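Got chain A sorted already, so can you dock chain B onto it with the hints?
This is what each chain is made of:
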Amino acid sequence: MVKFKLDFVTPEKLLYSKDVEQVIVPGSEGEFTVLSDHSPIISSLRPGYIKIYEDLSNGPTIYFVTDGFIDMESNQLTILAQSAIEKDQLSSKNLEDIITSYQGEADATENGTKKNKLILKVDALKALQGEA
Amino acid sequence: MPNLKELKNRQVSVKATQKITRAMQMVAAAKLNKAQESAQSARPYASKISAVMANLLTSIDGSSNAPELMVGNGKSDTHLLVVATADRGLCGAFNSNIVKLFTQEINELMTQSKQVKIICIGKKGHDLIRRSHEDKIIDFISLKEVKNISYSDAEEIGNNIVARFEEGEFDVCKFYYSSFKSVISQIPIAQQLIPLPIDNELDSTELDTKSNLSIYDYEPEESDVMEDLLPLNLNIQVFQGLLENAASEQGSRMSAMDNATRNAGEMINKLTLQYNRTRQAIITKELIEIISGAEAL
Chain A
246 MVKFKLDFVT
256 PEKLLYSKDV
266 EQVIVPGSEG
276 EFTVLSDHSP
286 IISSLRPGYI
296 KIYEDLSNGP
306 TIYFVTDGFI
316 DMESNQLTIL
326 AQSAIEKDQL
336 SSKNLEDIIT
346 SYQGEADATE
356 NGTKKNKLIL
366 KVDALKALQG
376 EA
Chain B
353 MPNLKELKNR
363 QVSVKATQKI
373 TRAMQMVAAA
383 KLNKAQESAQ
393 SARPYASKIS
403 AVMANLLTSI
413 DGSSNAPELM
423 VGNGKSDTHL
433 LVVATADRGL
443 CGAFNSNIVK
453 LFTQEINELM
463 TQSKQVKIIC
473 IGKKGHDLIR
483 RSHEDKIIDF
493 ISLKEVKNIS
503 YSDAEEIGNN
513 IVARFEEGEF
523 DVCKFYYSSF
533 KSVISQIPIA
543 QQLIPLPIDN
553 ELDSTELDTK
563 SNLSIYDYEP
573 EESDVMEDLL
583 PLNLNIQVFQ
593 GLLENAASEQ
603 GSRMSAMDNA
613 TRNAGEMINK
623 LTLQYNRTRQ
633 AIITKELIEI
643 ISGAEAL
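Quick mapping for you: the protein sequence lines, in order, are chains A and B. Going by our numbering, the first sequence opens with residue 246, and the numbers climb by one from there. Going by our numbering, the second sequence opens with residue 353, and the numbers climb by one from there.
Treat the hints with care, as some may be off.
What the hints assert, rightly or not - Here are the simulated DMTMM-like pairs of lysine to aspartate or glutamate, each with C-alpha atoms no more than 20 angstroms apart in a straight line:
hint, chain 1, residue 1, chain 2, residue 2
1, A, Lys362, B, Asp523
2, B, Lys452, B, Asp479
3, A, Lys360, B, Glu579
4, A, Lys359, B, Glu579
Said to hold, decoys possible - From the structure, some residues in chain A lie toward chain B, with a derived Cβ separation under 10 angstroms:
hint, residue
5, Val254
6, Pro256
7, Lys258
8, Ser262
9, Gly272
10, Ser273
11, Ser281
12, Pro285
13, Ser289
14, Asp316
15, Glu318
16, Thr323
17, Thr358
These are calculated hints, taken from the structure and not from any lab test. Please read these numbers as outputs of a predicted model, since none were measured by experiment. From the three backbone atoms N, C-alpha and C, an ideal C-beta is built for every residue, glycine too.
So that you can see chain A by itself, here it is in the shape it has in the complex (with noise of 0.2 angstroms):
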């Protein structure tokens, strides 16, 4: 398979920046799997797990992330999250605060538009709680 560049990043530090066949990304509007020649995209992200396949042959390294963007432009694919953990140091509790301190979020913030998307980052970290 051909492979492309990713580069993912936090705030705190460069994650990850090797050459990789396969992302799968979980879009806002739904997850999405990112290959070579991807057309150019802006996506921005909610709570879940980037599988990166640096080899399909092998298994994928995950991450969770709960907030971010990805930029893919001519073969070059960035992820931009505000925090990542790798899924095996994701434990339940881990996830059950980040549930409460959107939920706490969510609740104090009395603007339309923003509840609601805190509303449902709030539902699809439930989801992934239920899937855990």
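Quick look at chain B alone, frame taken from chain A:
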């Protein structure tokens, strides 16, 4: 002739000062390492998001419904100046350099009879600015309790700025901090946050690749993405600024303390010389007294 005891005391006190400045230098050096590391590790994110923003700016060019956070609200009557300085002193000209740049620009704005509002980050700058512009300071944020600046600190400040912009409190926002070039050179800079400055530094090759990919797919709608992305970009720029500032502060303190230690060393040498000369003079004087006493017998 100064008496010996006095000289000795002065020597001891300068030595004590030297010990303190040397310790501060070491501490600053250790902190600098850490601060430099975090400033550097934040750079990829900041530069990536700037690249994305630059892409967007070129593709959005000319459209009238561009978000105000990006292109401004068309006015420039009220300016918000956000000044980030240190919370502690004893770091050379670090704080005063930032304030100097700020003062220069605020005076310029005043002569153009613009309205100015100020947000101070860090106690030292606040103290300096308060003297002449107390009435314009609308907020003061201290990061004294924060050991390592995290993204959430910057987020709080960024959200504060965006909220004020949405309330229509100001039209243009500039952010003052010191960018970290090296241990001996920190350059105060003014970065415009709102509206986004159009980057002229992109070289032509970059522009070439950019021109043929202005057709982006947005998911969800372009306006929704913008709504999230623009505040995020602002937060990140603030975050990067604060980190650079922290590194600059430590670098500046380190070289200031290095200087102080060296000066103290010179002073100790001078005092020692003076002490020894005085001591010698006293001995000679006593000898002369004894000899002339003996001769008189």
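How the hints compare with the structure:
At most 20 angstroms may separate the alpha-carbon atoms for a hinted pair to count; Lys362/A and Asp523/B exceed this at roughly 27 angstroms. Between Lys452/B and Asp479/B, the direct Cα distance comes to roughly 13 angstroms. Compliance with the 20 angstroms bound is thereby established for this hinted pair. With a C-alpha separation of about 14 angstroms, the suggested pairing of Lys360/A with Glu579/B holds against the 20 angstroms cut-off. Taking the CA atoms of Lys359/A and Glu579/B, the gap is near 10 angstroms; set against the 20 angstroms cutoff, the hint holds.
Because the smallest distance between the Cβ of Val254/A and any Cβ of chain B comes to about 4 angstroms, under 10 angstroms, the interface hint for this residue holds. For the restraint placing Pro256/A at the interface with chain B, the shortest Cβ-Cβ distance is roughly 4 angstroms, inside the 10 angstroms limit, so the hint holds. Annotation: interface hint on Lys258/A holds; nearest CB of chain B at approximately 4 angstroms, less than 10 angstroms. Interface hint status for Ser262/A: upheld, as the beta-carbon distance to the closest one in chain B is roughly 8 angstroms, under 10 angstroms.
Satisfaction of the interface hint for Gly272/A is found here, the shortest Cβ-Cβ separation to chain B being roughly 6 angstroms, below the 10 angstroms cut-off. Because the closest C-beta pair between Ser273/A and chain B is about 6 angstroms apart, less than 10 angstroms, the hint holds. For Ser281/A, the interface hint is violated, the least distance from its beta-carbon to any beta-carbon of chain B being 16 angstroms, above 10 angstroms. A distance limit of 10 angstroms between C-beta atoms decides the matter here; for Pro285/A the minimum to chain B is near 5 angstroms, and the interface restraint holds.
Against a cut-off of 10 angstroms between C-beta atoms, the interface hint on Ser289/A holds, since the closest Cβ of chain B lies about 6 angstroms away. Because the beta carbon of Asp316/A sits about 5 angstroms from the nearest beta carbon in chain B, less than 10 angstroms, this interface hint is met. This hint holds: Glu318/A has a C-beta 5 angstroms from the nearest C-beta of chain B, less than the 10 angstroms allowed. With 10 angstroms as the threshold, the beta carbon of Thr323/A comes within range of chain B, its nearest partner Cβ sitting at about 5 angstroms, so the hint holds.
Here the hint on Thr358/A is kept, as its CB sits about 8 angstroms from the closest CB of chain B, short of 10 angstroms.
When each numbered hint is compared with the structure, violations occur for hints 1 and 11.
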